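Peer 1: Could you build the full structure based on these sequences and the hints that come with them?
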Amino acid sequence: MHNIRTLSWKWLSSMGWDGLSTLLLTVAIVTMSGGLTFLFCWTIVLKLSRLPAANEAEADVILVMGSRLNRGEMTREFEARLSEAARHGTVCPVIVLGGMATGGGLTEAAAGQRWLVARGLCEKNIFLEESSRNSLENLAHARILMRSRNFRRPLLITSRYHLARSSILAAGLGISHILSAPDHPSMRQPAALTRSLFEALMINWYYVGRAVARLTGNPGMLSRIS
1 MHNIRTLSWK WLSSMGWDGL STLLLTVAIV TMSGGLTFLF CWTIVLKLSR LPAANEAEAD
61 VILVMGSRLN RGEMTREFEA RLSEAARHGT VCPVIVLGGM ATGGGLTEAA AGQRWLVARG
121 LCEKNIFLEE SSRNSLENLA HARILMRSRN FRRPLLITSR YHLARSSILA AGLGISHILS
181 APDHPSMRQP AALTRSLFEA LMINWYYVGR AVARLTGNPG MLSRIS
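Under our numbering, the residue at position 152 of the sequence shown is numbered 152, and the numbers go up by one with no gaps.
Simulated from the structure, these hints should not be mistaken for laboratory data.
Every value quoted in this text rests on a predicted model; they were computed, and no experiment measured them.
The reader is advised that the hints may include incorrect statements.
So the derived label-pair ranges between C-beta atoms look like this [claimed, not checked]:
| id | residue 1 | residue 2 | range |
| --- | --- | --- | --- |
| 1 | LEU25 | THR194 | 21 to 29 Å |
| 2 | GLY217 | ARG76 | 41 to 49 Å |
| 3 | LEU51 | THR31 | 25 to 33 Å |
| 4 | ASN134 | ASP183 | 39 to 47 Å |
| 5 | SER33 | ARG149 | 38 to 46 Å |
| 6 | VAL117 | GLY220 | 36 to 44 Å |
| 7 | ASN134 | PHE40 | 20 to 28 Å |
Idealized CB from N, CA, C, for every residue including glycine.
Peer 2: Shown next, in the form of structure tokens:
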């Protein structure tokens with residue numbers, strides 16, 4: 001329980017006033033629309049969750065979205081993402097994303113690299129992004145790393161319920177990408193369906209924040225999303 005409270009506080013404090021105010025505005029808009037804006041975003045989440053398996057032929061690098069470790073141990077969901085990356089990793093280099101260090105100090109990205117190397121991928125072809133705290137930072141920092149390595153089009157791997165938000169954030173950052181996802185967790189599982197509702201709210205929040213940033217010309221907000 002203490003860890004949950006600590007993570008929740010870190011998440012709230014990382015928002016800043018801009019993030020908190022746009023989150024409250026998002027809740028107000030969802031309420032005033034009778035939930036229609038939320039349903040629109042949820043439709044996007046469910047639609048993209050049904051994408052077929054992707055081919056890496058048009059990609060030159062693989063991006064694996066991180067997933068929080070459980071007391072320093074890999075979750076089955078993170079392993080499923082990495083397994084999907086390993087399926088393509090003999091063709092393209094891999095960038096593992098995630099900087100949420102656990103009590104043992106191991107980041108998501110470092111744990112992912114260790115898992116991939118243990119399964120035969122070459123360590124020198126695996127790059128880490130370890131400084132991010134959320135999906136938007138994951139992709140913004142990955143963009144910097146990609147540019148430094150001259151990678152142009154990634155195969156973006158994450159769980160099915162997370163495909164829509166990852167794709168929307170990547171597009172907002174100007175990252176042309178191909179989506180791919182493992183079949184675990186299945187969208188038929190209650191936990192994945194619950195997460196899809198959260199994703200819909202996060203997408204709604206992103207759209208509201210982007211609109212506010214553009215209308216106000218707020219340089220800090222604009223720099224984070226573009």
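Peer 1: Against this structure, judge whether each hint is valid.
Peer 2: Structure-based check of all given hints:
1. Roughly 24 Å separates the CB atoms of LEU25 and THR194, a value that falls within the hinted 21 to 29 Å.
2. At about 44 Å, the beta-carbon gap between GLY217 and ARG76 stays in the expected band of 41 to 49 Å.
3. Checked against the hint of 25 to 33 Å, the C-beta distance between LEU51 and THR31 comes to roughly 31 Å, which is consistent with it.
4. Remark: the range hint 39 to 47 Å for ASN134 to ASP183 is contradicted by a beta-carbon distance near 25 Å.
5. Distance hint for SER33 and ARG149: a CB-CB separation of about 43 Å, consistent with the stated range 38 to 46 Å.
6. At roughly 38 Å, the beta-carbon separation of VAL117 and GLY220 lies within the given 36 to 44 Å, and the hint holds.
7. Separated by about 22 Å at the C-beta atoms, ASN134 and PHE40 satisfy the suggested range of 20 to 28 Å.
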